[in-house]
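If you want the building blocks of each chain, they are given just below.
Protein chains: 4
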Amino acid sequence: MQYFESDYLEGAHPLILQRLLETNMEKAPGYGLDKYSQSAREKIRKACNCPQAEIHFMVGGTQTNATVIDSLLSSYEGVLAADSGHINVHEAGAIEAGGHKVLALPHTYGKISAEAVETYINTFNCDANNEHMVKPGLVYVSHPTEYGTLYTKTELKRLSAVCKRHGMPLFLDGARLGYGLMAEDTDVTLEVIADNCEVFYIGGTKVGALFGEAVVITRPNLIPHFFTIIKQHGALLAKGRLLGIQFDTLFTDDLYKQISKHAIDMAKKLKEGFMEKGYRLYFESPTNQQFVVLENKEMERLAKNVSFGFWENLDSNHTVVRFATSWATQERDIEKLLACL
Amino acid sequence: MQYFESDYLEGAHPLILQRLLETNMEKAPGYGLDKYSQSAREKIRKACNCPQAEIHFMVGGTQTNATVIDSLLSSYEGVLAADSGHINVHEAGAIEAGGHKVLALPHTYGKISAEAVETYINTFNCDANNEHMVKPGLVYVSHPTEYGTLYTKTELKRLSAVCKRHGMPLFLDGARLGYGLMAEDTDVTLEVIADNCEVFYIGGTKVGALFGEAVVITRPNLIPHFFTIIKQHGALLAKGRLLGIQFDTLFTDDLYKQISKHAIDMAKKLKEGFMEKGYRLYFESPTNQQFVVLENKEMERLAKNVSFGFWENLDSNHTVVRFATSWATQERDIEKLLACL
Amino acid sequence: MQYFESDYLEGAHPLILQRLLETNMEKAPGYGLDKYSQSAREKIRKACNCPQAEIHFMVGGTQTNATVIDSLLSSYEGVLAADSGHINVHEAGAIEAGGHKVLALPHTYGKISAEAVETYINTFNCDANNEHMVKPGLVYVSHPTEYGTLYTKTELKRLSAVCKRHGMPLFLDGARLGYGLMAEDTDVTLEVIADNCEVFYIGGTKVGALFGEAVVITRPNLIPHFFTIIKQHGALLAKGRLLGIQFDTLFTDDLYKQISKHAIDMAKKLKEGFMEKGYRLYFESPTNQQFVVLENKEMERLAKNVSFGFWENLDSNHTVVRFATSWATQERDIEKLLACL
Amino acid sequence: MQYFESDYLEGAHPLILQRLLETNMEKAPGYGLDKYSQSAREKIRKACNCPQAEIHFMVGGTQTNATVIDSLLSSYEGVLAADSGHINVHEAGAIEAGGHKVLALPHTYGKISAEAVETYINTFNCDANNEHMVKPGLVYVSHPTEYGTLYTKTELKRLSAVCKRHGMPLFLDGARLGYGLMAEDTDVTLEVIADNCEVFYIGGTKVGALFGEAVVITRPNLIPHFFTIIKQHGALLAKGRLLGIQFDTLFTDDLYKQISKHAIDMAKKLKEGFMEKGYRLYFESPTNQQFVVLENKEMERLAKNVSFGFWENLDSNHTVVRFATSWATQERDIEKLLACL
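Chains as they are written, first to last, in the numbering used here: chain A, 1 to 341; chain B, 1 to 341; chain C, 1 to 341; chain D, 1 to 341.
These are calculated hints, taken from the structure and not from any lab test.
Be a bit skeptical, because a hint or two may be false.
Identical chains share a label here; the pair holds if one copy fits it or two copies do between them.
[As the list claims (entries may be wrong)] Cut-off 20 Å, straight-line C-alpha distance, at most; resulting in silico cross-link-like pairs (SDA-like, lysine to any residue):
#: 1; residue 1: K297; residue 2: M133
#: 2; residue 1: K27; residue 2: Q330
#: 3; residue 1: K27; residue 2: L17
#: 4; residue 1: K257; residue 2: E155
#: 5; residue 1: K27; residue 2: G309
#: 6; residue 1: K157; residue 2: K269
#: 7; residue 1: K27; residue 2: K336
#: 8; residue 1: K336; residue 2: E312
#: 9; residue 1: K27; residue 2: K304
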């Protein structure tokens, strides 16, 4: 069986486990006050060229989204997001459980545009009844998106501009950020993100860590008492060192980039393999998630030897399925997959 | 100036004020335990032919929607509603503030169909990731809808059937219910609603009362501890007699129907007046809200003498506006309005 | 039967009903934008000598407490209140339903002291683990308290000072405010309250209105988007004129004070009647609620002809019961009550 | 420097790290569906002699408390807990953020009694106003308590009986459960806990794991859709295998008991050392937390070489401080500490 259904099938990059092992019996204060967390923060600040950034570590994506969004919104505000956004579809209502509406915008392969945001806000502002409506208070984007697509630097800048014009923070969900940063032809770097987003996070769970997301607040004091907010959301890890050590390792010697690049290479090989054999891609994805159109019979046959993600029915005979590579995918995994076609 | 922007411009039907006056100095227990509330409940049960119904009175629509929906949903459930539904647009996020997602469905002039509900649920049930998603737990419809349109008896029965099939209650927002019941050609009566909805409410605020909505729970014990839930939502009126007296009056000698019928007659006169003068209706509304297409210049001119509601831009030269009649509209109001055209 | 169990047994002062009647068929915009609400606001500003005050009207006490407290607290903050406070005991958890902890302080007949607040905050500030704890963010007092007792001007000033010192607003629940203002020997006026509290409300429900509480925000812009917050809490009355007319009437020709004074006179007569007959007061209450110690047998006998509130068991043979007078109590009601002893 | 301020200073027991290492590159499904989680569940069921138990793994204590309590309560219910309980003091209001009131009971060194619970409920049931109050819906106890004390089997049985009598679940927070199970003279075993509690959890974070709490639901189907509830609370770990592997290791060859016993031995040695040197214990604690009374000067001197937890001021000259041992404490750590006295 070949496994391509997600990018969190394995444990962690071996270097991370090694460092957990080396430091295991050291005594360290809890809750992120340890020296490893401090070191990781310093390295991330440098990587983002954002010396003033506040950095907090959390365990998982839904937790991070719910905690950050709740902390950035007033009670009467909602969050603008793509209709297809993770927070709108696959977080079991965690945002609403925190009291906030997700204001869904139409998307193009997972992306929303500055124009759509601007139009939403202008329409809201012109509505004579807007005091009876949820005020848009934040824009959420994911990069890569749930479709594996990427914003360009220009697109991010324009989103940031519309947000600034309307006094709203821009929050970027980077659960798969490494795979975005190392895509070919992207001009979006960590520095570009830090320049344009008030808050974003660097995903570890899907990019080489056992677990963990590094939240970067690029404007100091944007979120007062964030530590307590994290605690209230049940998102404060007692042994914060575990997060510190992992991110410290990922941000040493460019490990985060290097393993992300590997996943991109594997995705390229996979994509090319499919195309050579005459398969059709649903659309062009530059990152570690590839979406392929399969005839339903072919899909059923393939499912016996390969695991992949169901994406959507294309028509009565075809289905779109997702193959995900990761830091841990090996070249021979791809070869075995292609051999099954 | 002629006022047609809403159906809550005046106080209450004179008979209601008279009874408030007559009973004013009587001493009555609070919180709906008084004899007037008991009497009103009895009359409503009869009018619905639903002797087992539990009936609670609340003050306003948003409050009622938020309290009822919160009481019917488990924490992991959301409410299916038309994209255009009041709870999705004009309640400032009250449902989400209670922790629940509004699962928006496409609508046709404010109505959703049993097919759309069925499709949503089947798609949800078939989704391998549905444990990560908000479970649909309730269907919300408004009748009349925000567009003034009405469900037919068959449509309600089919909505009820799909709800029952999937173990979900059907909740009907009747903020303007009287105007629906008295529309020409409708086959939906209070009894039909009580037969098909687990919970619904009979709107008073927009139909002759100072304020007040009568919540009818057609299945006994569907909502344990509803009294405490009402209190927790700040929706328990200390002098519950005020609600009891108002609904007792509205349900004496068919007053509720009679004044609703009057509003329908006035709407018909208004509609015919517009049509005779060559105006175009946006669509055919059978109730007290009429939607007329106006040239923008005409609209601006009219706005100097008549107040109405902005609905939407039709094209660059035309706008859809709303005129609402009510129990209090007088024939000469319509005449004056038509004279302005 | 003589009724003394609460101060909301009747409808409204006749002048209020008369004005509702006179204005009934006028057309007025909704949601508090009408001229009566504007007029009432202006009169209340004058009565408080607080020209910059923002004033909003809501329907009931629990609703007002929940809405105001939610609007004043950040998500990580709680509200300091007497252990016996209405919000801590008798609002069905409305504050917690909004996400906030009530931080209970010991009380003396319903009152908390500036010292207790100061000590709580200092202890909190010195606790090395306070980032794991709920931050006190607001002080709630009721005046009169649930025991009918009153703060002095000095006590309020000291509470205000400790609040200011720690950057917390002081919020005063005035559900029975009239009866406090007109108590003998009090030096607390509306002006004193407006000087010392960031937010307070003037109770109408228990003091002559059908319903209604006037929320006074003494610092402009303290609560951005309060209108939307009110809507979200289901606390926005469609026909806001009803609140405007009631408070406009109550603040015309000193009606609010005059009818409150009457309740105090009646309470005094009641108290003196009990004392003359040798009964013991549980403590000295200066307002419209009187707490009397009854032998249990006497209590049972009395309960056949008089309704009153159970307060607490004093010992195995004695019970404390509450008698409430109001704007509507008549001298002969007291006489009949005393004749039953 | 000697570190005794908490029991989560180190990483994990070496056997756990070894197994994480061995299994690291295996591909496993996420969210707890992996074979290690299944195996761990089976071992825990056996250890509890509760074959029907449902078992879910979460990351930390506050998260677990908030998720479980929210899942067990209706919206109108609160949780009874010791005034000193972790959920009432040190979870930043996580329970209230979920909408529920913590109903605080007086405690004796962290313990509440069946009598106190019974009295609370009877008082509630007899209160004529209880429909305006938060209904007690659940009892929360911690074992060991925050004071390191333990319930006896009889005490747990009596708590369970009062809960059953009133239809409430009993929930036991076992963040330090191992240290309770292995205390000398305790008659409370995992089986006893499973017999008496509807839900409890077995703490890993403080007892040898990197992180993790195993929630045991002893009554099948008590909590429908718990998986989705976990997700909504941001408490679902993507790589659930990490929790499975850790608990599988802890419940292999009695490792959990063995390392817990070691902590108890170390605590005993520490306690005896203090007593031999004439120090006074604040009270007798049978578990890994020991509370010692220190003169303030002695405390300040000691703090230069030893870290410990501040507990409370005893009088103006004395302070109670806490020393915690753990699975990782070494005999020579104790000796060095005692040498500092």
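Handout entry: Copy assignment of K27 with K336, given that the CA separation must stay at most 20 Å
Key = between (45 Å within a copy, 16 Å between copies)
Problem - Up to 20 Å CA-CA - M133 versus K297, copy category - result: neither (48 Å within a copy, 28 Å between copies)
Problem - Intra/inter-copy verdict for K27 and Q330 if alpha-carbon distance must be at most 20 Å - result: between (36 Å within a copy, 12 Å between copies)
Practice task
Check K27 against L17 for me: Cα-Cα at most 20 Å, and say if that holds within a copy, between copies, both or neither.
Solution key: Both, since 18 Å and 16 Å are each at most 20 Å.
Handout entry: Up to 20 Å CA-CA - G309 versus K27, copy category
Key = between (42 Å within a copy, 15 Å between copies)
Problem - Within, between, both or neither, where K257 and E155 count as close if Cα-Cα is 20 Å or less - result: Intra 23 Å, inter 57 Å, cutoff 20 Å: neither.
Exercise for the section: Pop the pair K336 and E312 into one bin, within, between, both or neither, using alpha-carbon distances up to 20 Å. Expected result: neither (25 Å within a copy, 57 Å between copies)
Problem - Intra- versus inter-copy proximity for K269 and K157 (alpha-carbon distance at most 20 Å) - result: Neither, since 32 Å and 55 Å both go past 20 Å.
Exercise for the section: Using 20 Å as the alpha carbon limit, work out where K27 and K304 are close: within a copy, between copies, both or neither. Expected result: between (48 Å within a copy, 17 Å between copies)
Of the hints listed earlier, those the structure fails to meet are numbers 1, 4, 6, 8, in rising order.
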